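2 protein chains.
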Amino acid sequence: MDRTATPVAPSRGALRPLGLDEVQITGGFWAQRQAVNATASLGHIEHWMEREGWIGNFDAAAAGTSAGRRAGREFSDSEVYKLLEAMAWEVGRTDDEVLDARFRAIVGRVGAAQEPDGYLNTNFGRPGQRPRYSDLEWGHELYCYGHLFQAAVARARTRPDADDGLLGIALRAADHVVETFGPGGVASVCGHPEVEPALVELGRTTARRYVEQAALFVERRGTGTLADVGLGRAYYQDDVPVRDATVLRGHAVRANYLAAGAVDVAVETADEGLLAALTTQWENTVARRTYVTGGQGSQHEGESFGEDFVLPADRAYSETCAGVGSVMFSWRLLLAQGLPRYADLIERTLYNVVATSPSHEGTAYYYTNTLHQRVPGTVPPADAPSPRASSSLRAPWFAVSCCPPNVARTLASLAAYVATTDDDGLQLHQYAPARIRTRLADGRRVELDVETDYPREGVVRATVVSAEDRPWTLTLRVPAWARGATLRTPDAAQPAPPGTVSVRRRFAAGDVVELHLPMHPRISHPDPRIDAVRGCVAVERGPEVLCLESVDLAGHADVSGVRLDVGAGLREVDGRVLATLRTTAPADVAWPYGSAHPEQPVTRTDVPLTAYHDWANRGPSTMRVWLPVA
Amino acid sequence: MDRTATPVAPSRGALRPLGLDEVQITGGFWAQRQAVNATASLGHIEHWMEREGWIGNFDAAAAGTSAGRRAGREFSDSEVYKLLEAMAWEVGRTDDEVLDARFRAIVGRVGAAQEPDGYLNTNFGRPGQRPRYSDLEWGHELYCYGHLFQAAVARARTRPDADDGLLGIALRAADHVVETFGPGGVASVCGHPEVEPALVELGRTTARRYVEQAALFVERRGTGTLADVGLGRAYYQDDVPVRDATVLRGHAVRANYLAAGAVDVAVETADEGLLAALTTQWENTVARRTYVTGGQGSQHEGESFGEDFVLPADRAYSETCAGVGSVMFSWRLLLAQGLPRYADLIERTLYNVVATSPSHEGTAYYYTNTLHQRVPGTVPPADAPSPRASSSLRAPWFAVSCCPPNVARTLASLAAYVATTDDDGLQLHQYAPARIRTRLADGRRVELDVETDYPREGVVRATVVSAEDRPWTLTLRVPAWARGATLRTPDAAQPAPPGTVSVRRRFAAGDVVELHLPMHPRISHPDPRIDAVRGCVAVERGPEVLCLESVDLAGHADVSGVRLDVGAGLREVDGRVLATLRTTAPADVAWPYGSAHPEQPVTRTDVPLTAYHDWANRGPSTMRVWLPVA
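Those protein sequences? They're chains A and B, same order as listed.
With the first sequence counted from 1, adding 1 to any position gets you the numbering used here.
With the second sequence counted from 1, adding 1 to any position gets you the numbering used here.
Pulled out of the complex, with its shape left as it was, chain A reads as follows (with noise of 0.2 Å):
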């Protein structure tokens, strides 16, 4: 049984990942980030989860008080569950006591509420409540499951000896759903997927029967087990088995987290060709359904995944959950095969998705994440759940609210994907600064720090902290986009074209390889496909999108009437992008089909670009991405 302190421990595969007592960021742009996390928003979260009486649910239903009163939504006790999690994880990042303390209390009155069969969820099966079980698709009860069972893998991985209790909670919960929905019980599965990574990852850590139940779960789903009720089956994966399918489809995080669970079904199981069909579908999904923040599902009605190509800005969704979803997809891919591709894609979505849907304060957040906002954001109000895709600037709370504790969880524990082993050496897949210090299989030390201040520079430095008598070969990512980049080791500078760079050597202490990545910023242009941005461009630098923002446009105009300058080129002035715009004033009219409007540029200024993640944090503006070329 694997307890490495890291969300995903599979038993096989290309890489090994490290745990949080391997590798620390130390500093830098994700470093702050975790702080902000640890010190604002998990208190921000814990709040909001009392005032909105989703914690309270536990305590309710231990005193058989639910009936007619119950707080929030269906899946609330999910939002509970990611809260525990982040804090399991930050507890073992940083080993806060005080935290340790709220984390206790919260599992304390979470299993106060579990019934003696191991039954679980504060919405059902209660006096006056619906029977357990009696609306898979919708009730999200193995959902709730789910992340619980998340929360104790961290816990248990972080804190092995701990007596708090959660992993029994959990391992109660996790065999009544075998006894409940195992072979011979109902053979359906839950509208909401998430139980299926989490049953693999509980069994990672426990017993193999976890595994086979998530596998069961994978195999049932897509064979029309759920009623159609209303956006159709492809909404929770249940039109077509997953190992027929070719590409995702239907809500966005649904999709996201069932494929996470069907790739750890695949490695646990050996199942290369259920591993081969959800590689086509990252593939295809990557290829076609992918925003250029790394953002997933593009359509607001059943917050799904559009046909390929369907990727509009102004209406973009980019549910910040299915950025965390790609994340756990593209991670377990990582694991499996080593590619350093699906490293790239959680670099984008990490910092464009997830990175943006948090204040810069961490105590408001993004639901959606637009890439065009056409009219000013409002202020949501402080004091009330806003609605959650509604075109706020970042709110504090939502009626749903899955995206504060998964930001949160997936911050407290992003060390886990910087870095993994193989048998001959190390991986850096994300560039932070860090401190890695790791044992091979066969004994062999790893040790390195990485100094970088990525993404502001393109230089990464690893140096070598201690002496090992054998060699081993340290392998750096270069992104996609990193054309011209090279590699400085103790012997020589090289090209590293994108992909991966190795040096084999028998390291000594003090030995430094540096990559040295280009950080100009660069246009990117859409496939011809992507009708919505024809004509457009987007500007990337290093692994940011960067937007423009009405706030850096004089008189605050709004930004539909920009152009790009596309000849002017790009510049970098004290840290910052600046593009020529040319900037015209649309006119008019009583019928927007005509004549061919013909556009009079009235100014031509350079314009600062702001990092996307960045936006909205300086008051109500319009914004793009894609901007028009002059």
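If you're looking for bench data, these hints aren't it; they were derived computationally from the structure.
For clarity, every value in this text was computed on a predicted model and none was experimentally measured.
Please note that a few of the clues may not be correct.
[As the list claims (entries may be wrong)] One-sided and incomplete, this derived list gives chain B residues near chain A with beta-carbon spacing under 8 Å:
no.: 1; residue: His301
no.: 2; residue: Glu308
no.: 3; residue: Arg316
no.: 4; residue: Pro388
no.: 5; residue: His526
no.: 6; residue: Arg530
no.: 7; residue: Val590
no.: 8; residue: Trp592
no.: 9; residue: Ala597
no.: 10; residue: His598
no.: 11; residue: Pro629
[Said to hold, decoys possible] Computed from the model, here is a short list of chain A residues facing chain B with C-beta under 8 Å:
no.: 12; residue: Arg375
no.: 13; residue: His598
no.: 14; residue: Pro629
Ideal placement from N, C-alpha and C gives every residue a C-beta, glycine not left out.
Please arrange chain B on chain A, whose structure you already have, making use of the hints.
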């Protein structure tokens, strides 16, 4: 009390509508559709409403057996009323006695379900059902009354002496509404506007108090009397008072029905401020939130208007019923103000939304009307309702099946929109072969026959039938697109610029006035703020928007790689418009954003374009209205 056999009969305004006894469509495009409507659609609709139990709901309500077994959605009563309205117009149009008997039979079943106090709805208030008016947001009770009233008005105006009892049913229900929601009663509105225009019309035909009730509903709207239930109060226009709003927003059908009723109220109460507000709403909606087809409501979520210029082609919702509602709104403004722009939009919407919905056979419908079909539609089931917004070919029925009877009532009453009179003459708004026999207010006879092959040809020939000693004025609309039109009178030929052109004379029997409209295909460019179709053009011919269907491409290639060679011009051959296309073969790439994608033209071919309303009548295909420019 006005009993002109027409859907809208204001007591004042710039223009006076004609009744179905005064104007008939005698041939051509619309007569053919009226015939299909009469011979196929009405029976098809009645069959499905019986089959689905929507008419049977009234039997069950009368028998007291509704509890727990009612069929259909909460608004299905209204569909039966829309069918009754369509039948009433059709009986008025053609004196079809067999249809009249079917009409009477349904009226009898409806009437049996009415309660002693006038309440009539099969979904509320009986044992096992929720209480009356306990769900104004979603219950649709007043909405259903609205369609009941419109059916009763249609009957009262076409068969004023009928003894079927429908008017009595409507008046009892209307009295109950006034009793319940009048001054001192429930101070709220219905989540779905519709009762407002219906009450005004019922008032115009019977008693003023119904107009006053409509005025009360219009004034209450926008004051937040409805709960904010998820989609926001803009969804049902309860966000801003009608007289303060500047543009239509929210659910597009609701928005148009409310606007129509508000115009009615403004006209009957001589409320110029309210009328001015609605005029502004119309102008802004047309300039910024309307598709080139006239379609309105661009968003699937909430079937709603988007922000200004959010008009995606590939996810155009453009609900058929929103088109019907837009015609209702525009027609009322036309009667009030006489401006040709309203008839322009009506024409555009009739040809490109209302005519698009039904199949050639009149037994299948589009509920939504996309402007870009990316994957070939599937053939919907013949024996089961389809999802309303599915990407299929036209479907025989939907669980929400408002479009079939809404189109039917529009087609059956279509002659009413052809012409109007004022104190000095007659105005032709829509061009179809027609027989017009009316008198002006002072008794002057105006009798015209219109001959035309419009829109196939651009010549509209109006022949005066009867001699009259006194002069009068014949006014013809020149559509905004018709640059270079000419008018030929008995005396001369003259240019006819867009707007209206008038001839005032002492017409003699046999006098001919001919309008020559230029019908060459033309290229329309979108306002540059409509980001979704940047770099594309649409091709129009007369009032028809054209499209490219893949069934017309070699090998039925899909339409994603086509580029229009604008320089090559458009040609007409054998009545079809030919465009020169360069077809490219888009290359599949792993990541769809990067360096410019060079497009290699693979073929250059002349391809026929199809009238948009005709598309998808030749089996599954991909389609696009907006053609990227080469």
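Results for each hint:
1. His301: Hint holds; B/His301 Cβ to chain A Cβ min 4 Å, cut 8 Å.
2. Glu308: holds (5 Å)
3. Arg316: holds (7 Å)
4. Pro388: holds (7 Å)
5. His526: holds (5 Å)
6. Arg530: Cβ of B/Arg530 sits 5 Å from chain A, so the hint holds.
7. Val590: holds (6 Å)
8. Trp592: With a minimum Cβ separation of about 6 Å from chain A (threshold 8 Å), the hint on B/Trp592 holds.
9. Ala597: Interface hint status for B/Ala597: holds (5 Å vs cutoff 8 Å).
10. His598: Cβ of B/His598 sits 6 Å from chain A, so the hint holds.
11. Pro629: This interface hint holds because 6 Å falls under the 8 Å limit.
12. Arg375: Since the shortest Cβ distance to chain B is 5 Å, the answer is holds.
13. His598: holds (6 Å)
14. Pro629: Result: holds, 6 Å to nearest chain B Cβ.
In the structure shown, no violation is registered for any of the earlier numbered hints.
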